[in-house]
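**Q** Listed below are the residues making up each chain.
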Amino acid sequence: MKRVIVFALVLAMLAVTGTAWAETRILVGVNMELTGYSSGQGTEQYRGILAAHHIQPTFTVGDTTYRIEFSVCDNQTLREEAINCATRLAGESVVAVLGGFSSSMSIAAAPIYQERRLAQISTGATNPVLTQIGDYIFRIPFTDDFQSQTLAQYVYETLGARRVVIFRQADDDFSVGYTSLFQNAFQRLGGQVQVQSFNQAAVDFSPQLNNARRFNPDVLVNAAFCQLAGPLVRQSRAMGLDQPWVGGDSLDSPTCTELAGEAFEGVQFTGFPELSQLAPDALERAGAVQDAYFELYPSSVGFSGVTLAGSDAYGVIRAAIETAIRSGADPADVARFRVAVRDALASIEGYPGVTGDITYAGTEGTPANRSMGLLVVRNVLPDGRYERDSMGYFLIGPDSTVFYPHE
Amino acid sequence: MRGRTLINVTVLVALFVAAGLAVLGPGLFVQNFLSALSMGSQYALIATGYSMVYGIVRLINFAHGDVFMLGAYLAHYLILFLNMPWWAAMLVSMAATGLIGAGIERVAYRPLRQAPRASLLITAIAVSLFLENAANVVFGARNQAFSARSGLTASRSFEVFGEPVYYQSLLFVVPLITLVALVGLYVFIERSKAGAAIRATAQDVEMARMLGIPVDRMIALVFFVGSALAAAGGVMYSLQYVQIHPLMGILPGIKAFTAAVIGGIGSIPGAVLGGLLLGLAETFVVAFFPGLTSFQQVFAVIVLLVILLVRPTGIVGEDLTEKV
Chain R
7 MKRVIVFALV LAMLAVTGTA WAETRILVGV NMELTGYSSG QGTEQYRGIL
57 AAHHIQPTFT VGDTTYRIEF SVCDNQTLRE EAINCATRLA GESVVAVLGG
107 FSSSMSIAAA PIYQERRLAQ ISTGATNPVL TQIGDYIFRI PFTDDFQSQT
157 LAQYVYETLG ARRVVIFRQA DDDFSVGYTS LFQNAFQRLG GQVQVQSFNQ
207 AAVDFSPQLN NARRFNPDVL VNAAFCQLAG PLVRQSRAMG LDQPWVGGDS
257 LDSPTCTELA GEAFEGVQFT GFPELSQLAP DALERAGAVQ DAYFELYPSS
307 VGFSGVTLAG SDAYGVIRAA IETAIRSGAD PADVARFRVA VRDALASIEG
357 YPGVTGDITY AGTEGTPANR SMGLLVVRNV LPDGRYERDS MGYFLIGPDS
407 TVFYPHE
Chain E
360 MRGRTLINVT VLVALFVAAG LAVLGPGLFV QNFLSALSMG SQYALIATGY
410 SMVYGIVRLI NFAHGDVFML GAYLAHYLIL FLNMPWWAAM LVSMAATGLI
460 GAGIERVAYR PLRQAPRASL LITAIAVSLF LENAANVVFG ARNQAFSARS
510 GLTASRSFEV FGEPVYYQSL LFVVPLITLV ALVGLYVFIE RSKAGAAIRA
560 TAQDVEMARM LGIPVDRMIA LVFFVGSALA AAGGVMYSLQ YVQIHPLMGI
610 LPGIKAFTAA VIGGIGSIPG AVLGGLLLGL AETFVVAFFP GLTSFQQVFA
660 VIVLLVILLV RPTGIVGEDL TEKV
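Same order as they appear, the protein sequences are chains R and E. Quick note: the first sequence uses this note's numbering, first residue 7, plus one each step. Quick note: the second sequence uses this note's numbering, first residue 360, plus one each step.
Next comes chain R alone, as it looks inside the complex (with noise of 0.2 Å):
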């Protein structure tokens, strides 16, 4: 009895795992912030994949359809845990990582990728030294060079301040690079800046803004990520600072705006462009993710640059793969599909993405020319929900970075 039972359901199994070979699977690994610090974000970014696939889940070459799934690690904003995704991801058949969201989860797994031979997309690290660590590696936003050095032009040069203090959480790479590389611009400008810092646990700000409050700034940066960026503008605010505040993409999350509330108006963020900023086509791709996101997740508060970067790193994955795959690199043979997955990501020109257009060709891993927006909060609503307007974008120029104010 007990043999055919056994029987049984091998056969049902067999008939299960059957039916599942009408289409290829090719499976995408995705290393993620799903819970701990900045679940917020890596969420977001988790859904802006997702809501990318739900439009194009499958791609076909000759006569076979090739199915792109998951296999998702929460790295649970922990370094080791970032590490041991990458390590467990690599032992399975994925021909390729998207994630993590933050510099320092994405730095912590790279080395696990570039030597087991598996290219990362990271969604949203903007930390130079990413992509420094091996050709393998390969991220969707621009890096924090670009990004601090231009908003302390236009801190210096449009806004006119000369005396600033820029908050950063000192346990965090992203914010730790940025506020070097934001002060040394700023200096070299021929500012004053403040640095102020705090760490992952701060609950409590009011000694750093008091401190800030004695230095007399013109302007204040934020260098951290939302979940302690937004109580610290809220309680700038309520403790009389009444100067503007800037900062970078880390500001670009709806978490802000739920944490902050209406504390929260008009605060200046670099970022990816805002959606009407794109050519029409970039619009109408951007338009499509956008009825996704809102499709799978109708309550979802936002839809901020954060979902983007999640987007375009879905796409670009499966346009390589498509690529390698024409170019006959064969996905049952994983070891060597990932190492032709990956060269086919190193060519990659002029993909249109809903965060601009994106060239890996001729680069270390970021994508060349990425054009940056300035955004501005407006209209913040009691339940976090706000508008993402544009204030203009930055392009690099031949001599140096030029910004464009919107109309």
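Just to be clear, a hint being listed does not mean it is correct.
[Stated by the list, open to error] Facing chain R, a subset of chain E residues (Cβ under 7 Å, in silico):
1) Q527
2) Q602
3) P649
[As the list claims (entries may be wrong)] The following residues of chain R were derived to be distant from chain E, with all beta-carbon distances above 10 Å:
4) V12
5) E264
6) A325
Hints were generated in silico from the structure; no laboratory data involved. All C-beta atoms, glycine included, are put in the ideal place defined by N, C-alpha and C.
Fit chain E to the given chain R structure using the hints.
**A** Coordinates of chain E only, in the frame set by chain R:
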């Protein structure tokens, strides 16, 4: 001895105020003092729970910080779904969290009454981990914004010697509520029959049992009261800092524990004193030495180490000599 201590304390306080006014100026000094008072009151509330429980069952309830977190979340959802005013939600949350605290005692600690102390401590840690992970699953791991929107957080200012002091009404409300809670606690412990029974149980469990005191119920009552106070602390903490998340109780829990040890673990006045002192120390160390802002969170742990080395029984130390 008493007289000399009083003089020493007065001199210290005078020095402190003088230094503060000199270095910070009157405006900032008052501002920091208000923050310190508010923070210290929250620590005092949580620390009282630690001390009460230790006084009666000689257990450091490591899950206390997570009870604080539960209190905050319960109030958050009460306000979100039932649209209660924040103070009503706080009262309901206090009662509910008190029951949960008593429940935890019944389920996790009572069966181990006769076990070695180490087992109790390990169980306390286990309860703490359980609560945190359960909260992760039930409430979600994301930081949420506390749903109370009270007028208490609006920024106001007044002048002190020409310098503006910015504050929120909340900064006054928190110490006030803490005072009311602690006065109520004092009256209860010192003047009521149940309070006398609790004191008896704390002094000698076996004797109390022989005198017919329902010891189990008294212990459950202590856990109820301690947890209710922690919930109150949780609600006020959330009103001020807005962010709530499942791990929010860890750091305040450690700090409140430090405060209880500073004041003398087992003593309620000690817990209050320790809480206020810790609040003052944290705020003013950073105010006097701006370069140390990164160390603000670690400060409590450093103080704990120092106290344990120098005066383990704390300021209002419990007399550890055993009467034979």
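**Q** Evaluate each hint against the coordinates.
**A** Hints, one by one, checked against the model:
{"no.": "1", "hint": "Q527", "in the structure": "6 Å, holds"}
{"no.": "2", "hint": "Q602", "in the structure": "6 Å, holds"}
{"no.": "3", "hint": "P649", "in the structure": "5 Å, holds"}
{"no.": "4", "hint": "V12", "in the structure": "36 Å, holds"}
{"no.": "5", "hint": "E264", "in the structure": "5 Å, violated"}
{"no.": "6", "hint": "A325", "in the structure": "31 Å, holds"}
Taken one by one, the earlier hints fail for this structure only at number 5.
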